[in-house]
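Work the whole structure out from these sequences, hints included.
As they're listed, the protein sequences go chains Z and V. Its first residue numbered 1, the first sequence is counted upward by one per residue in our numbering. Its first residue numbered 1, the second sequence is counted upward by one per residue in our numbering.
Simulated from the structure, these hints should not be mistaken for laboratory data. We treat Cβ as the ideally placed atom computed from N, Cα and C, and that holds for glycine. Hints may contain errors.
Claimed, not checked - Pairwise CB distance ranges (calculated):
| no. | chain 1 | residue 1 | chain 2 | residue 2 | range |
| --- | --- | --- | --- | --- | --- |
| 1 | Z | Ala77 | V | Glu29 | 24 to 30 Å |
| 2 | V | Ala60 | Z | Gly96 | 53 to 59 Å |
| 3 | V | Ser14 | Z | Glu62 | 29 to 35 Å |
| 4 | V | Pro129 | Z | Gly93 | 40 to 46 Å |
Stated by the list, open to error - Sample of chain Z residues facing chain V (criterion: CB under 8 Å; computed from the structure):
| no. | residue |
| --- | --- |
| 5 | Pro75 |
| 6 | Asn108 |
| 7 | Ala109 |
| 8 | Ala110 |
| 9 | Glu115 |
| 10 | Glu116 |
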Amino acid sequence: MNQSHWPEDPLTPARGAGRAPVPSGGDAAGDAGPAGNVEYRVAHLRERLAGEELGELGARVEVRPGSVLVTGTVPSAHCRETLLATVREELAGIEGIAVRCDVVVAENAAPDHAEELS
Amino acid sequence: MIRVAAVGDIHMGSDSQGLLRPAFETLPECADLLLLAGDLTRHGTPEEMRVVAREVRDLAVPVVAVLGNHDHHDERPEEVTAILREAGVRVLEGESTVVECAGVRVGVAGTKGFGGGFVGRSAGEFGEPLMKEFVRATRRSADSLGAALKDLHGLGCDVRVALTHYSPVADTLAGEPPEIHPFLGSYLLAEAIDTAGADLAVHGHAHLGTEHGMTTGGVRVRNVAQPVIRRAFNVYRLPAREAGTGEPGAAAA
Numbered sequence: 001m002n003q004s005h006w007p008e009d010p011l012t013p014a015r016g017a018g019r020a021p022v023p024s025g026g027d028a029a030g031d032a033g034p035a036g037n038v039e040y041r042v043a044h045l046r047e048r049l050a051g052e053e054l055g056e057l058g059a060r061v062e063v064r065p066g067s068v069l070v071t072g073t074v075p076s077a078h079c080r081e082t083l084l085a086t087v088r089e090e091l092a093g094i095e096g097i098a099v100r101c102d103v104v105v106a107e108n109a110a111p112d113h114a115e116e117l118s
Numbered sequence: 001m002i003r004v005a006a007v008g009d010i011h012m013g014s015d016s017q018g019l020l021r022p023a024f025e026t027l028p029e030c031a032d033l034l035l036l037a038g039d040l041t042r043h044g045t046p047e048e049m050r051v052v053a054r055e056v057r058d059l060a061v062p063v064v065a066v067l068g069n070h071d072h073h074d075e076r077p078e079e080v081t082a083i084l085r086e087a088g089v090r091v092l093e094g095e096s097t098v099v100e101c102a103g104v105r106v107g108v109a110g111t112k113g114f115g116g117g118f119v120g121r122s123a124g125e126f127g128e129p130l131m132k133e134f135v136r137a138t139r140r141s142a143d144s145l146g147a148a149l150k151d152l153h154g155l156g157c158d159v160r161v162a163l164t165h166y167s168p169v170a171d172t173l174a175g176e177p178p179e180i181h182p183f184l185g186s187y188l189l190a191e192a193i194d195t196a197g198a199d200l201a202v203h204g205h206a207h208l209g210t211e212h213g214m215t216t217g218g219v220r221v222r223n224v225a226q227p228v229i230r231r232a233f234n235v236y237r238l239p240a241r242e243a244g245t246g247e248p249g250a251a252a253a
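See the structure below:
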């Protein structure tokens with residue numbers, strides 16, 4: 001498979017799946033509120049992508065107003081499926097946040113030209 | 001003219017067998033050698049490196065490689081290096097090799113490299129032992145790269161290429177968050193390249209970076225991480241230095 005590109009692949013995580021939401025109460029750790037909650041969840045997601053089956057350090061996970069955007073290039077369609085499943089699981093149940101993935105599979109074709117370095 | 005094919009960060013695993021082989025089999029038509037700029041696997045396991053080895057075994061062009069940080073994750077760099085070498089790949093770590101291509105002597109000096117950052121925003125050899133060791137590891141790597149490039153100069157190579165996994169310049173990191181640049185490369189690598197001289201520097205590691213860059217000394221740098229070049233490999237055509245002109249970068253048109 002040379003290229004698989006799903007330009008906008010919204011994910012709607014099922015509530016209650018994956019890691020329990022980080023409390024966003026009034027103590028020092030929780031003062032960040034819902035936005036801080038999302039940031040910690042994203043940090044945990046990045047840890048899982050790196051530490052589990054994928055060993056994926058190249059994906060970018062960005063928190064935007066009202067959404068989380070996941071972008072990057074992965075080596076195979078299987079890796080993409082695994083990445084999306086991990087995202088779905090880890091970011092499940094966050095109220096008011098849309099998760100969007102723009103992850104492509106690496107192109108494996110030979111180049112059609114060379115670069116001249118003179 | 002020498003044609004250098006290069007790719008890094010192919011991150012092969014058990015599901016990858018055969019993905020790159022069809023493109024690699026076209027190499028004799030478009031390139032004289034293939035450089036692999038590290039992160040050939042996902043976790044650096046022998047099983048993953050055997051997938052890589054089968055992908056490049058018996059290619060009709062010489063293959064030269066360095067390991068990347070992923071290839072160290074399983075902490076068996078010697079074992080995975082041996083698997084590549086058994087498949088005919090020349091694996092470099094602070095070493096050089098000379099490839100004869102159609103009468104042209106191409107020297108490749110290689111090291112994984114390491115982080116530390118770039119001038120004005122770099123880590124220093126100061127403070128906690130772990131911090132000092134971090135910077136010293138990069139310095140050792142850069143020193144070995146410089147020595148290997150100098151060796152190639154002494155061997156009269158027509159073209160010299162520096163092959164690393166980590167980046168020698170910040171140019172090719174454009175697109176990566178600046179906050180992580182110290183984990184993506186070090187100016188010490190560029191300083192070694194500029195001091196010893198090279199015609200081209202090739203690296204990987206920065207998936208979100210850009211392909212083109214240059215050292216302060218004018219050596220062209222190419223980030224060939226597969227997510228950046230979006231192909232199985234890229235090819236760079238370099239003029240061979242005229243006999244008798246020993247200066248680095250003094251390539252004949």
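So, going through the hints one by one against the coordinates:
The given range of 24 to 30 Å is respected by Ala77 of chain Z and Glu29 of chain V, whose C-beta atoms sit roughly 28 Å from each other. Separated by about 57 Å at the C-beta atoms, Ala60 of chain V and Gly96 of chain Z satisfy the suggested range of 53 to 59 Å. The hinted window of 29 to 35 Å between Ser14 of chain V and Glu62 of chain Z holds, with their beta carbons roughly 30 Å apart. Here the CB-CB span from Pro129 of chain V to Gly93 of chain Z is close to 43 Å, well matched to the stated 40 to 46 Å.
Hint status for Pro75 of chain Z: holds, given a least beta-carbon distance of 4 Å to chain V, under 8 Å. Given the 8 Å rule on beta carbons, the hint for Asn108 of chain Z holds: about 5 Å separates it from the nearest Cβ of chain V. A hinted interface residue such as Ala109 of chain Z counts as satisfied when its beta carbon comes closer than 8 Å to some beta carbon of chain V; here the least separation is about 6 Å, so the hint holds. Interface restraint check for Ala110 of chain Z: the shortest CB-CB distance to chain V comes to about 4 Å, inside 8 Å, so the restraint holds.
For the restraint placing Glu115 of chain Z at the interface with chain V, the shortest Cβ-Cβ distance is roughly 5 Å, inside the 8 Å limit, so the hint holds. The criterion of a C-beta within 8 Å of any C-beta in chain V is met by Glu116 of chain Z, whose closest approach is roughly 5 Å, and the hint holds.
Violated hints: none; the structure is consistent with every hint.
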